[in-house]
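For reference, the chains in residue letters:
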Amino acid sequence: GENVEQHPSTLSVQEGDSAVIKCTYSDSASNYFPWYKQELGKRPQLIIDIRSNVGEKKDQRIAVTLNKTAKHFSLHITETQPEDSAVYFCAARAGGSYIPTFGRGTSLIVHP
Amino acid sequence: GAGVSQSPSNKVTEKGKDVELRCDPISGHTALYWYRQRLGQGLEFLIYFQGNSAPDKSGLPSDRFSAERTGESVSTLTIQRTQQEDSAVYLCASSPGTDRNTIYFGEGSWLTVV
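Top line first, the protein sequences correspond to chains R and H.
The first sequence begins at 1121 in this note's numbering and counts up one residue at a time.
The second sequence begins at -3 in this note's numbering and counts up one residue at a time.
Hints were generated in silico from the structure; no laboratory data involved.
Please note that the accuracy of each hint is not assured.
What the hints assert, rightly or not - Here are the simulated lysine-lysine pairs, DSS-like style, with alpha carbons at most 30 Å apart: (1) R:K1178 with H:K7; (2) R:K1191 with R:K1177; (3) R:K1162 with H:K53; (4) H:K53 with H:K11; (5) H:K53 with H:K13; (6) H:K7 with R:K1142; (7) R:K1188 with R:K1142; (8) H:K13 with R:K1191; (9) H:K7 with H:K53; (10) R:K1142 with H:K11; (11) R:K1177 with R:K1188; (12) R:K1142 with R:K1177; (13) R:K1162 with R:K1177; (14) R:K1178 with R:K1142; (15) R:K1142 with R:K1191.
Said to hold, decoys possible - The following residues of chain H were derived to be distant from chain R, with all beta-carbon distances above 12 Å: (16) K7; (17) D14; (18) E103; (19) W106.
The model shown is predicted, which means the values in this text are computed figures rather than measured ones.
Where is the CB? At the ideal position from N, CA and C, for every residue including glycine.
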């Protein structure tokens, strides 16, 4: 089955800096890669996703890049703000499967 | 409309007791998932329902865990003879079941086994 590795487990940045979270996946058939944000005590919520026919997608301060050859994808957050502090999960879903496999999460801390 | 609803939000139970956790998916969503999240850990897949198809139970950790779903509505996750290692947040999620497949999570049921 699919295996998703996520790094780093913890990321601490100053407000205004950029943050990058990286994930690798094992199943070359995976074609859908969502990112979820989970604030403390809250439900995970989708913030951005990308499909395998696209190399990059942006939404305001967040962007995701995908390298299918290397089987890795990354979340980029620019101009970080304290409210970006949360745990971020990447996931991968193979074609023909409706079950995403999640990474272990990255705790992002943005210091004011 | 309403999101995914789970109950109870918190449950403390004694080791060896059975517990039932309930999930109400978003109306019209044919796909329903259960995940487990231990403290500080990732999201561990448990079981997946899609319409009237046989569920994918490949993530259930032991035969003490079971889940049912009535049609395309409510689902119940049952843990029998609870153990301390069962303590976790149990997250339910649903999706339209189409290729878009964005899944929407509930707030979770926090289970503590003492």
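Results for each hint:
1. Under the criterion of a C-alpha separation no larger than 30 Å, the hint pairing R:K1178 with H:K7 is inconsistent with the structure, at around 40 Å.
2. Between R:K1191 and R:K1177, the direct Cα distance comes to roughly 16 Å. Compliance with the 30 Å bound is thereby established for this hinted pair.
3. At most 30 Å may separate the alpha-carbon atoms for a hinted pair to count; R:K1162 and H:K53 meet this at roughly 26 Å.
4. For the suggested pair H:K53 and H:K11, the alpha carbons sit about 24 Å apart, so the restraint of at most 30 Å is met.
5. As the CA atoms of H:K53 and H:K13 are separated by approximately 22 Å, the hinted pair is consistent with the 30 Å bound.
6. A C-alpha spacing of about 35 Å is found between H:K7 and R:K1142, which places the hinted pair above 30 Å, so the restraint is violated.
7. Proximity of R:K1188 to R:K1142 is assessed by CA-CA distance (about 14 Å); at most 30 Å being required, the pair is judged to hold.
8. Of the supplied pair hints, the one linking H:K13 and R:K1191 is violated, its CA atoms being roughly 44 Å apart against a limit of 30 Å.
9. Proximity of H:K7 to H:K53 is assessed by CA-CA distance (about 24 Å); at most 30 Å being required, the pair is judged to hold.
10. Between the alpha carbons of R:K1142 and H:K11 the distance comes to roughly 39 Å, so the proposed pair goes past 30 Å and is violated.
11. Simply put, R:K1177 and R:K1188 have alpha-carbon atoms about 14 Å apart, close enough for the 30 Å limit, and the pair holds.
12. Annotation: proposed proximity of R:K1142 to R:K1177 holds, straight-line Cα distance about 15 Å (limit 30 Å).
13. A C-alpha spacing of about 26 Å is found between R:K1162 and R:K1177, which places the hinted pair at or below 30 Å, so the restraint holds.
14. For the hint linking R:K1178 to R:K1142, the alpha-carbon distance of about 16 Å falls within 30 Å, and the restraint holds.
15. Restraint check for R:K1142 and R:K1191: satisfied, since their Cα atoms lie roughly 11 Å apart, inside the 30 Å limit.
16. With a closest Cβ-Cβ approach of about 16 Å to chain R, H:K7 is found to remain outside the 12 Å limit, as its non-interface label requires.
17. Separation of H:D14 from chain R is adequate, the least Cβ-Cβ distance of about 25 Å exceeding the 12 Å criterion.
18. Against the 12 Å criterion, H:E103 falls within the reach of chain R, whose nearest CB is about 5 Å from its own CB.
19. At roughly 9 Å from the closest C-beta of chain R, the C-beta of H:W106 falls inside 12 Å, breaking its exclusion from the interface.
Checked against the numbered hints above, the structure breaks hints 1, 6, 8, 10, 18, 19 and satisfies the rest.
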